[in-house]
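Kindly generate the complete structure, drawing on both the sequences and the hints.
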Amino acid sequence: MPTQHEVIIEAFKVLGGVRTIGEIRDWVRTKYGDRWKDFGTRMADMVPQELGGNPSSNVRNEFRVLRRVSIGKYRLIADKIPEEQKHSNIRQTVRSFMSHSEEVLQRNSQSNLYVILPGSKSVEVWSAERLPFEPEGWLKRLRRDICSAIRGIYCGPSQLLHAVYVSPIRERCDVENILFYNVGIGCFPRSDNAGLRFERVFSQPPAIPRPMNRPALHYHHYESVAKETGFKHWIPTKTLVRWRARIRTRFMTVLPNPAAHIWYWMKSGSTELITKPHHVPTQFGLSMTIYAPSGSVSNLVALLKPLLDGAVAAFHQHDGTMQAEVASRLARVLGVRTQDVVAHLSDNTNAVLGRRRLLWPWRNSIQWNPADDCCVAGELLFIGSTKDFLELSGELFEVRETVRTCIDESCAFT
2 MPTQHEVIIE
12 AFKVLGGVRT
22 IGEIRDWVRT
32 KYGDRWKDFG
42 TRMADMVPQE
52 LGGNPSSNVR
62 NEFRVLRRVS
72 IGKYRLIADK
82 IPEEQKHSNI
92 RQTVRSFMSH
102 SEEVLQRNSQ
112 SNLYVILPGS
122 KSVEVWSAER
132 LPFEPEGWLK
142 RLRRDICSAI
152 RGIYCGPSQL
162 LHAVYVSPIR
172 ERCDVENILF
182 YNVGIGCFPR
192 SDNAGLRFER
202 VFSQPPAIPR
212 PMNRPALHYH
222 HYESVAKETG
232 FKHWIPTKTL
242 VRWRARIRTR
252 FMTVLPNPAA
262 HIWYWMKSGS
272 TELITKPHHV
282 PTQFGLSMTI
292 YAPSGSVSNL
302 VALLKPLLDG
312 AVAAFHQHDG
322 TMQAEVASRL
332 ARVLGVRTQD
342 VVAHLSDNTN
352 AVLGRRRLLW
362 PWRNSIQWNP
372 ADDCCVAGEL
382 LFIGSTKDFL
392 ELSGELFEVR
402 ETVRTCIDES
412 CAFT
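Heads up, the sequence shown is in the working numbering, so the first residue is 2 and it goes up one at a time.
Just so you know, these hints were derived from the structure itself, not from any lab. The beta carbon of each residue, even a glycine, is placed where N, CA and C say it ideally should be. Errors might be hidden in some of the hints.
Computed cross-link-like contacts, DSSO-like style, restricted to lysine-lysine with a CA-CA straight-line distance of at most 30 Å [to be verified]:
hint : residue 1 : residue 2
1    : K32       : K14
2    : K306      : K74
3    : K141      : K74
4    : K74       : K122
5    : K32       : K306
6    : K141      : K38
7    : K38       : K277
8    : K14       : K122
9    : K306      : K122
10   : K306      : K141
11   : K233      : K306
Across the chosen pairs, the derived CB separations fall in these ranges [said to hold, decoys possible]:
hint : residue 1 : residue 2 : range
12   : R142      : Q205      : 20 to 26 Å
13   : D146      : N62       : 32 to 38 Å
14   : M213      : K32       : 32 to 38 Å
Shown next, in the form of structure tokens:
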């Protein structure tokens with residue numbers, strides 16, 4: 002099976018010319034399925050450093066064959082394609098490709114593409130584009146300004162940070178990445194508050210306070226709220242599973258592949274099947290509570306992704322693809338017996354999220370593929386503990402969308 006970098010190159014060769022991230026992603030998924038995510042990040046890492054690529058990228062030189070033409074658009078560099086290697090001078094040509102007038106035009110087109118309303122209790126953000134993991138150009142400024150505004154929000158001990166992402170665009174993406182990780186872990190409050198809550202809404206954003214050069218299709222809302230407030234845009238309707246598991250470490254983020262450990266500990270813990278769904282839910286909610294001794298958790302945002310990925314993965318059954326190889330690799334990561342991993346991967350007792358290719362080999366380890374992009378409402382609550390270890394409890398539930406309300410002469414979300 003080819004790597005993600007190889008299939009991206011294959012897609013460019015077949016499609017030809019300048020292509021968007023979405024065009025490459027759709028071609029790859031049509032031919033190879035949904036095994037890869039984060040095409041934007043992967044393609045950004047495939048740009049050579051001398052052409053403005055990420056100097057810290059660990060992508061091998063043989064795969065750094067893309068040139069970024071504009072935001073979200075790339076093409077192959079001709080002198081990197083084997084049959085055209087004789088044209089090695091093209092690299093120097095593309096460095097000076099953009100004329101002064103084009104640079105001015107690009108700067109002008111990239112101004113006034115987002116609006117941020119900061120405050121001590123809430124922050125609102127409207128943007129023409131979704132914030133990626135490795136932003137460039139004006140999106141870097143957007144990330145910086147969101148981070149600065151969020152640092153001004155105060156969350157007390159009995160409050161949590163409630164984040165909402167609103168967009169009519171229904172592409173597959175993980176809402177926790179958009180709201181938290183793509184902004185930056187260090188921007189968010191330390192763990193002296195009650196937790197985090199997030200939601201994804203598929204609708205037009207609320208009215209923007211001033212015009213932008215392009216439509217504002219993406220909206221973030223961050224707010225400090227009382228822990229008891231609950232979800233605003235989704236209503237839990239039916240609990241599917243409930244669990245409690247011991248996390249066998251005080252400092253989870255130092256683990257290699259922490260999502261793998263969460264998956265294993267949950268598979269080995271106590272899980273109660275409440276309701277077996279008739280169909281695999283395409284949208285669901287997840288509530289998690291972490292019980293931690295003093296000093297063991299410094300930033301809940303840093304824990305959110307591995308906890309979410311591991312928890313969601315625990316409610317899938319692996320489809321058996323390359324099972325011997327992935328089980329062997331996973332067992333090495335976990336330091337457990339391979340046969341125990343095989344048993345957990347094959348178990349469908351609590352697989353309320355269905356059977357899928359849950360993981361595959363990636364470099365010297367494994368890469369997970371849980372359906373966390375279907376999680377439209379989630380929360381991670383924090384409770385102090387006198388025990389010398391961490392515990393994780395939670396439940397996964399079906400949801401239905403609430404009815405929007407209209408305030409201040411425009412339809413908004415409350």
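Right, here's what the structure says about each hint:
{"no.": "1", "hint": "K32 <-> K14", "in the structure": "14 Å, holds"}
{"no.": "2", "hint": "K306 <-> K74", "in the structure": "28 Å, holds"}
{"no.": "3", "hint": "K141 <-> K74", "in the structure": "17 Å, holds"}
{"no.": "4", "hint": "K74 <-> K122", "in the structure": "37 Å, violated"}
{"no.": "5", "hint": "K32 <-> K306", "in the structure": "28 Å, holds"}
{"no.": "6", "hint": "K141 <-> K38", "in the structure": "21 Å, holds"}
{"no.": "7", "hint": "K38 <-> K277", "in the structure": "28 Å, holds"}
{"no.": "8", "hint": "K14 <-> K122", "in the structure": "50 Å, violated"}
{"no.": "9", "hint": "K306 <-> K122", "in the structure": "24 Å, holds"}
{"no.": "10", "hint": "K306 <-> K141", "in the structure": "22 Å, holds"}
{"no.": "11", "hint": "K233 <-> K306", "in the structure": "22 Å, holds"}
{"no.": "12", "hint": "R142 <-> Q205: 20 to 26 Å", "in the structure": "24 Å, holds"}
{"no.": "13", "hint": "D146 <-> N62: 32 to 38 Å", "in the structure": "34 Å, holds"}
{"no.": "14", "hint": "M213 <-> K32: 32 to 38 Å", "in the structure": "37 Å, holds"}
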